[in-house]
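J.: Okay, here's what each chain looks like letter by letter:
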Amino acid sequence: MDVQASGGHPGDADAARPNGGDAPGTTAPRPPHKTSIVGVLGEILLTAGVVVGLFIAWQYGIGDQIAAAQNRADAQALAEQWQDSPPAPRPSPSETPEPDAPAEPVITPQPADGEVFGIMYVPRFGPDYAVRMGGGVSRERTLDTIGIGHYPGTQMPGEVGNFAVAAHRTGFGGAPFYSIDELRVGDPVIVETADGWYTYIFRTLEYVRPTAVDVLDPVPQATPTGIGGRYLTMTSCSPRHTIAERIIAYALFDSFRPRADGPPAGVPGSTVTASSAPESAES
Amino acid sequence: MYAALWRVLPGPWWVRTLILLVAAAAIVYALFFYVFPVVAVWITPEEVTVQ
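These protein sequence lines are chains S and H, in that order.
Residue 224 in this note's numbering sits at position 224 of the first sequence; the count goes up by one each step and never skips.
To convert, count from 1 in the second sequence and add 1000; that's this note's numbering.
Since the hints were derived computationally from the structure, they do not count as laboratory data.
The C-beta atom is built at its ideal place from N, Cα and C for all residues, glycine as well.
Any given hint might turn out to be false.
[Stated by the list, open to error] To give an idea of the interface, some chain S residues facing chain H are shown, with a C-beta separation under 7 Å as derived from the structure:
no., residue
1, GLY53
2, HIS168
3, SER236
4, ARG246
5, TYR250
[What the hints assert, rightly or not] Covered by chain H, according to a simulated footprint, are these stretches of chain S (three or more residues, beta-carbon under 8 Å):
no., region
6, 37 to 49
7, 125 to 133
8, 140 to 152
9, 207 to 215
Taking the hints into account, I'd like the entire structure generated from these sequences.
T.: In structure tokens, the structure reads:
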């Protein structure tokens, strides 16, 4: 388009120039390159703008995808490790196991701070959703680095009481609870430990103040403690990207499958048909 | 700054472009995988626990 302006025809350009500065066949010495401070400053600012733009793109999506892929890979490796070399089965708490009775859940010991003890599967969050779970809810040791954290002192999967966990909704550790507000009544939430699979059924959402620690009670928000069911409480931030409130998701324990029986419906690689799992309840 | 960088790079223009593209990709990779995860902790505080 601007071929002529950029000197695409050197012969014409030379002929047109009255003083003939660039004589054909000779290379005129190039003028020395001057580096102006303003020019360098401008380039630095432009570069900084590009970096900030990249950061925003990373914060609002790309980073989550990178970390979520890493979460899946880590969880898959852990699940394969458990499957290939299952640990010695812990004794089931039921004294006289009946063949037809549903398996009594084996209680995994409380993990140490930052110790990986489980994997969470939520089919509603995606068919290949899998995130590792670690002890404690510190950002450095669990939430930013492992994924989902277990509130120390709350119960373990399958135990009577409240199995309470926390995870990010944006930005860090793959944002495991990004879609927590999209859970529907009846959605399975499956926790895998070395001992087997614990299936919880989602019941309800709640928005609370950050100080509402009673959601962690053995019976959530029932103080003094009532008698009990087996609950799963998931906490995260609300709205996304803020620290204003917390979103709480409650689920009720449904069933336990020992490791020897293989993964239940909803876990990638399961051979169990999903028909037995309750679908979204009619409202 | 970038003009000086262009001058010190060897080879014809397409080699220089290739070098710059590879360098840019490496920088973006380092930002996404190492720099941003670290600085994000300070830039966007996010609390997900009740306490």
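J.: Now look at each hint and say whether the structure bears it out.
T.: For each hint, the structure was consulted:
no., hint, verdict
1, GLY53, "violated, 11 Å"
2, HIS168, "holds, 6 Å"
3, SER236, "holds, 5 Å"
4, ARG246, "holds, 6 Å"
5, TYR250, "violated, 13 Å"
6, 37 to 49, "holds (count 4)"
7, 125 to 133, "violated (count 0)"
8, 140 to 152, "holds (count 4)"
9, 207 to 215, "holds (count 6)"
Of the numbered hints stated above, those contradicted by the structure are hints 1, 5 and 7, listed in ascending order.
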